[in-house]
Amino acid sequence: VTPGEYVAAAYGIVLIVVLAYVAIIAAKLARLQRQLSELVELAKRRPPRVEVEAARESLRARLPDRPGAGLC
Amino acid sequence: VAAGLLGLGVFLAFFVAPEAAVEGVRQRIFYIHVPIALTSYFCFGLGAWKALQLLWRGDERYDLESYVAIHQGTIFGSLTLLTGSIWAKTSWGHWWSWGSNQLVLFLVLFLFYCAYFMLRFSLEEGPRRARSSAVYALFGVVLIPISFLAIRLANDLVHPTVFTREGPQMTASMFLAFCVCWAAVTLLAYVLYRVELLGKRIDADLRELREVLS
Chain A
1 VTPGEYVAAA
11 YGIVLIVVLA
21 YVAIIAAKLA
31 RLQRQLSELV
41 ELAKRRPPRV
51 EVEAARESLR
61 ARLPDRPGAG
71 LC
Chain B
73 VAAGLLGLGV
83 FLAFFVAPEA
93 AVEGVRQRIF
103 YIHVPIALTS
113 YFCFGLGAWK
123 ALQLLWRGDE
133 RYDLESYVAI
143 HQGTIFGSLT
153 LLTGSIWAKT
163 SWGHWWSWGS
173 NQLVLFLVLF
183 LFYCAYFMLR
193 FSLEEGPRRA
203 RSSAVYALFG
213 VVLIPISFLA
223 IRLANDLVHP
233 TVFTREGPQM
243 TASMFLAFCV
253 CWAAVTLLAY
263 VLYRVELLGK
273 RIDADLRELR
283 EVLS
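Protein chains in written order, with the working numbering: chain A, 1 to 72; chain B, 73 to 286.
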């Protein structure tokens with residue numbers, strides 16, 4: 001092996017390691033993107049907070065009609 | 073910008089800087105090996121500094137910053153050992169020399185910070201792990217100046233000394249190529265540090281969000 005080939009190997013290793021590191025980071029960011037999309041879907045499927053509050057109000061309005069409801 | 077600067081540095085190293093009189097073409101490894109080694113020292117130092125801030129201020133965000141800096145340091149440390157071994161093989165005829173204090177102390181520093189990950193991942197996530205990791209990272213910082221100065225203190229004859237009290241022992245174009253490569257590698261390390269840190273923070277935020285939604 002000539003000295004020139006050793007020099008090329010040294011620079012090549014640096015390039016390969018840096019590229020591999022960037023690829024790992026890119027794969028991780030892609031995974032995070034997927035997880036974020038899943039969470040957005042999950043959040044969309046949940047009923048909006050306003051609807052939940054309205055349902056609670058409606059339930060509270062009906063509670064006095066039930067026997068013993070005012071005690072708790 | 074980092075990739076462009078690195079390309080410029082490699083161009084200067086191969087086509088502008090003259091060939092060294094004694095070492096010949098193999099001296100060109102210097103332009104990538106030394107900046108990477110200095111960057112790994114810097115990353116380990118940064119990790120220790122963030123660890124000190126964690127212990128001092130108690131802010132948990134420094135734990136992640138310290139971890140990412142040390143992670144970067146080990147990556148650049150591995151590259152230092154790899155490029156150094158290639159240079160050793162072509163210059164001295166063997167891949168490693170146990171007689172060189174600079175090499176052995178760098179290996180000790182590298183292995184010390186490799187053990188940081190073993191410690192960190194053996195503990196449960198939380199303030200205890202953050203504090204233990206920070207104390208360990210701080211201990212390692214002592215090895216950085218020792219490793220850096222070993223070559224000068226021990227009159228090492230195997231590993232060459234380029235930067236002396238009289239200044240850099242190289243021509244102006246060689247020094248320019250070295251400075252550009254050093255700036256490029258430092259910038260590359262900074263970019264990778266920011267990207268990895270951002271990824272880790274998003275990951276933590278997503279985990280928290282998942283817990284809230286589930």
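Simulated from the structure, these hints should not be mistaken for lab results.
One thing to keep in mind: the hints can contain errors.
[Said to hold, decoys possible] Sample of chain A residues lacking proximity to chain B, with all beta carbon distances greater than 10 Å (derived):
| no. | residue |
| --- | --- |
| 1 | Ile13 |
| 2 | Lys28 |
| 3 | Leu29 |
| 4 | Arg60 |
| 5 | Arg62 |
[To be verified] Think about it this way: if two alpha-carbon atoms lie no more than 16 Å apart in a straight line, the pair counts; the simulated EDC-like pairs of lysine to aspartate or glutamate are:
| no. | chain 1 | residue 1 | chain 2 | residue 2 |
| --- | --- | --- | --- | --- |
| 6 | A | Lys28 | B | Glu95 |
| 7 | B | Lys272 | B | Glu197 |
| 8 | B | Lys161 | A | Glu51 |
| 9 | B | Lys161 | B | Glu95 |
Values in this document were obtained by computation on a predicted structure and should not be read as measured data.
Glycine included, each C-beta is placed from N, C-alpha and C at the ideal position.
Going through the hints against the structure:
no.	hint	in the structure
1	Ile13	violated (5 Å)
2	Lys28	violated (5 Å)
3	Leu29	violated (6 Å)
4	Arg60	holds (25 Å)
5	Arg62	holds (29 Å)
6	Lys28(A) x Glu95(B)	violated (42 Å)
7	Lys272(B) x Glu197(B)	holds (14 Å)
8	Lys161(B) x Glu51(A)	violated (72 Å)
9	Lys161(B) x Glu95(B)	holds (13 Å)
Of the numbered hints stated above, those contradicted by the structure are hints 1, 2, 3, 6 and 8, listed in ascending order.
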